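S.K.: So the chains spell out like this:
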Amino acid sequence: AAGVIQSPRHLIKEKRETATLKCYPIPRHDTVYWYQQGPGQDPQFLISFYEKMQSDKGSIPDRFSAQQFSDYHSELNMSSLELGDSALYFCASSPYGSPREKLFFGSGTQLSVL
Amino acid sequence: AQTVTQSQPEMSVQEAETVTLSCTYDTSENNYYLFWYKQPPSRQMILVIRQEAYKQQNATENRFSVNFQKAAKSFSLKISDSQLGDTAMYFCAFMRGQAGTALIFGKGTTLSVSS
Chain A
1 AAGVIQSPRH LIKEKRETAT LKCYPIPRHD TVYWYQQGPG QDPQFLISFY
51 EKMQSDKGSI PDRFSAQQFS DYHSELNMSS LELGDSALYF CASSPYGSPR
101 EKLFFGSGTQ LSVL
Chain Z
115 AQTVTQSQPE MSVQEAETVT LSCTYDTSEN NYYLFWYKQP PSRQMILVIR
165 QEAYKQQNAT ENRFSVNFQK AAKSFSLKIS DSQLGDTAMY FCAFMRGQAG
215 TALIFGKGTT LSVSS
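These protein sequence lines are chains A and Z, in that order. Numbering of the first sequence is given in our numbering, commencing with residue 1 and proceeding in unit increments. Numbering of the second sequence is given in our numbering, commencing with residue 115 and proceeding in unit increments.
If you're looking for bench data, these hints aren't it; they were derived computationally from the structure. Fair warning: this is a prediction, and the values are worked out from it, not measured in the lab. A couple of the hints might just be wrong.
To be verified - Straight-line Cα separation of at most 30 Å, DSBU-like style, residue types lysine-lysine; simulated pairs:
hint, chain 1, residue 1, chain 2, residue 2
1, A, K15, Z, K221
2, A, K57, Z, K184
3, Z, K187, A, K57
4, Z, K184, A, K102
5, Z, K192, A, K102
6, A, K102, A, K52
7, Z, K187, A, K102
8, Z, K169, A, K102
9, Z, K221, A, K102
10, A, K22, Z, K221
Use the sequences and the hints to build the structure in full.
M.R.: Okay, here's the thing in structure tokens:
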């Protein structure tokens, strides 16, 4: 079965650089969520999109922006990277129709800021 | 705002034994969902079990079951016949009953199963 695809799997950046993370939801999933998980930490909700519109917003820094495109894939853009941005970034999607609350997670993008 | 609290940072159990992980939450919502997620060393997030708040019957999935006490805002996970593969971080999570809203995680409990 198709799963949530995230790219790249690993990313290494320097401080003050920019990064773009991509997420491809499972076909027929119209809702996408982004999470940030630091080492040994719980996942922190960043932002979500439902039918290409922002549906909820969490602790996303102003340096980050995200959007969902017409094909439902989503991109998380991160600028002026800081050391503290080093984390595993998860994307999750949920289906059109029931059960909407069931999230399917991708394998994550490990971002390292040096 | 909703909060999820897991009071047990670490737990350990022997193979074949039963273990219970605790979770409490705080919300003023009436329509919501509760979840337990497992995160093994691979860091893949795996759904273990979910509970609709409007259902009084406790959810079960094979060796995993929950004790949902809505009035007490408690949602514990019981793992029966523990297996080595159950070794992982377990997160309790909460979601309001509205499409696209945040899934809020607790701090997690690290479970170690030994032979």
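S.K.: Against this structure, judge whether each hint is valid.
M.R.: To see whether the hints hold, each was checked on the structure:
Annotation: proposed proximity of K15 (chain A) to K221 (chain Z) holds, straight-line Cα distance about 28 Å (limit 30 Å). For the given pair, K57 (chain A) sits about 27 Å from K184 (chain Z) by alpha-carbon distance, which is consistent with the 30 Å threshold. For the hint linking K187 (chain Z) to K57 (chain A), the alpha-carbon distance of about 25 Å falls within 30 Å, and the restraint holds. Note on K184 (chain Z) and K102 (chain A): the hinted pairing holds, with a Cα-Cα distance of about 20 Å set against a maximum of 30 Å.
With a CA separation close to 21 Å, the supplied pair K192 (chain Z) and K102 (chain A) stays within the 30 Å bound. Only pairs whose Cα atoms come within 30 Å are accepted, and K102 (chain A) paired with K52 (chain A) is accepted, the gap being roughly 19 Å. At most 30 Å may separate the alpha-carbon atoms for a hinted pair to count; K187 (chain Z) and K102 (chain A) meet this at roughly 21 Å. Distance check on the hinted pair: K169 (chain Z) and K102 (chain A) sit about 16 Å apart at the alpha-carbon level, within 30 Å; holds.
Our distance criterion of 30 Å between C-alpha atoms is met by K221 (chain Z) and K102 (chain A), whose separation comes to about 20 Å. With a CA separation close to 26 Å, the supplied pair K22 (chain A) and K221 (chain Z) stays within the 30 Å bound.
Checked against the numbered hints listed earlier, the structure breaks none of them; every hint is satisfied.
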